[in-house]
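Asker: Quick note, the sequences are listed as chains A and B, same order.
Just so it is clear: in the first sequence, position 59 is 59 by this note's numbering, and no numbers are missing.
Just so it is clear: in the second sequence, position 106 is 106 by this note's numbering, and no numbers are missing.
Be careful, since some hints might not be right.
Because identical chains share one entry, a pair is satisfied inside a single copy or across any pair of copies.
[What the hints assert, rightly or not] Straight line, CA to CA, 20 Å or less: simulated SDA-like cross-link-like pairs of lysine to any residue:
(1) K88 x V54
(2) K31 x R279
(3) K17 x I48
(4) K245 x R112
(5) K204 x P268
(6) K35 x D84
(7) K88 x K201
(8) K245 x S228
(9) K31 x E282
Calculated directly from the structure, the hints in this document are not laboratory data.
This one's a predicted model, so the numbers in the text were calculated from it and none came from an experiment.
What follows is the residue order along each chain.
There are 2 protein chains.
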Amino acid sequence: MTSVRELLRVGPAVDLKDIDPSSTPGLPGRKITGKDSKSWAREQLALIGGQLTVKQEMLYAGAKAGDNRRLLLVLQAMDCGGKDGTVKKVAGAMNPLGLHIVSFGPPTEEEREHDFLWRIRRALPPTGLVGVFNRSQYEDVLIARVESLVPETAWRARYGQINGFERELADNGFALVKVMLHISYDEQRERLLERLTDPTKHWKYDPADVDARARWADYQGAYSDALSQCSTDHAPWYVVPANRKWYRDWAVANLVLEAFDEMRLSYPEADFDLDAERRRLEADRAPAMAP
Amino acid sequence: MTSVRELLRVGPAVDLKDIDPSSTPGLPGRKITGKDSKSWAREQLALIGGQLTVKQEMLYAGAKAGDNRRLLLVLQAMDCGGKDGTVKKVAGAMNPLGLHIVSFGPPTEEEREHDFLWRIRRALPPTGLVGVFNRSQYEDVLIARVESLVPETAWRARYGQINGFERELADNGFALVKVMLHISYDEQRERLLERLTDPTKHWKYDPADVDARARWADYQGAYSDALSQCSTDHAPWYVVPANRKWYRDWAVANLVLEAFDEMRLSYPEADFDLDAERRRLEADRAPAMAP
Chain A
1 MTSVRELLRV GPAVDLKDID PSSTPGLPGR KITGKDSKSW AREQLALIGG
51 QLTVKQEMLY AGAKAGDNRR LLLVLQAMDC GGKDGTVKKV AGAMNPLGLH
101 IVSFGPPTEE EREHDFLWRI RRALPPTGLV GVFNRSQYED VLIARVESLV
151 PETAWRARYG QINGFERELA DNGFALVKVM LHISYDEQRE RLLERLTDPT
201 KHWKYDPADV DARARWADYQ GAYSDALSQC STDHAPWYVV PANRKWYRDW
251 AVANLVLEAF DEMRLSYPEA DFDLDAERRR LEADRAPAMA P
Chain B
1 MTSVRELLRV GPAVDLKDID PSSTPGLPGR KITGKDSKSW AREQLALIGG
51 QLTVKQEMLY AGAKAGDNRR LLLVLQAMDC GGKDGTVKKV AGAMNPLGLH
101 IVSFGPPTEE EREHDFLWRI RRALPPTGLV GVFNRSQYED VLIARVESLV
151 PETAWRARYG QINGFERELA DNGFALVKVM LHISYDEQRE RLLERLTDPT
201 KHWKYDPADV DARARWADYQ GAYSDALSQC STDHAPWYVV PANRKWYRDW
251 AVANLVLEAF DEMRLSYPEA DFDLDAERRR LEADRAPAMA P
């Protein structure tokens, strides 16, 4: 099967207009799976989840033995693009003990007193953990650009700063999986309407999200530039068509699994004498209770 | 059905010797469930997990609307007692976005320069999240006492300090679920042997854990005192018999669910005009793409 990474990776001149948000690259058809795509993808997700959990444990165990590696999944999307849902389904398939999830909102007063990468560095996962960034340093070339929060010279300089930062991470044991969840304008409206219809989703609805739709084209352009400028060999960008949630989850899980595979993880060897320890324990049968 | 909290809650004079680590309080028998206890408990855990996820989302949504509440699950146990496994199964049934999990190891140099509660306060979950403490402030009246890391006057004073701290938490929106996972001396040996037998578990094995078995009775005594001194109305202790992992997971999930139920959570009301928003979105059908 073709690698999902190869299919979804974007090059140095990507335009989101050329990518169909309803497409399902890499998904085998009914002739191969014997069932409809959605059922198949959901079943596969459960299987991939089990594999992710094993890899995650190997990463965790390796860190205890001195391995400095870690994996960082970066999620970006327009409002309603499915970042939270992807975390729930893909990260939720792993062991929560080995996850380090950080959601970035508008910068706090303290964060604004520092360089834009300051809060990002503080949020990096420790060795052995799988990090998930729900939004990221890329907000500083997206909303910061579209809403004119900084001058053009400032946001333009950030592409290079981000590339340098990610180069440093890659050199220090980070496997970076950067994913843009790509939905259509119509799909966003449907999801906003769904939040109005379902009373258990009212809390997710923000009228400001509808205001932001007026700047949809500007955001799509800013995304296309950020993806083009910052899809590097050490930290490529993947665009996941995300109108279909079951495809989105399956694709992101595959991207993470393929990154894990490339790390060639394994459980560390014992650094103690197995036989001696077994003898100690076999001899230790009497309960040492207090008299 | 009797509340699991009532069955497992300990009073002001608990002795762990009186609690059978292989017992299964509150678990209905085969006559009621129609199947063996383990299968039934595993099935129930999946159902309870779904309920926990809904409550967790209500808590999260409530925080966005100004509710200051949060839930904190505190896990303590002897080595191999199943803390990590409980986090994986019980916290793993919830949405990772709404979890705040902290594992406490030996204090760092910086942490030792502060009061023992300093690092605990810094690790508290923000409003709206479910916190999990994998070890906790109780290490400072357990290992600190048994290994004589501080003088007796110091650890004796900590019971009151912990009670005051937890009173403060309860007064500020925290629902506290403190759980001691209770295994037997023999079960610990079996689990240590299993870690030697299975190569994928070697990394979990620490020869120092076998050394610590020599002080088993001292630890059990220190636990009994900590539970007795710090099981208060605002922050009771529960002892979960944990020799059977499937009972342990079921019981802890129930303790968390009952704590959630007591919080009487609900989704917040919309703070915007539903009809006006729906009209705005219905009118917004044309894709606002750039020319």
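Asker: What are the numbers of the hints the structure violates, in ascending order?
Answerer: Violated hints (numbers, rising): 2, 3, 4, 6, 8 and 9; every other hint is consistent with the structure.
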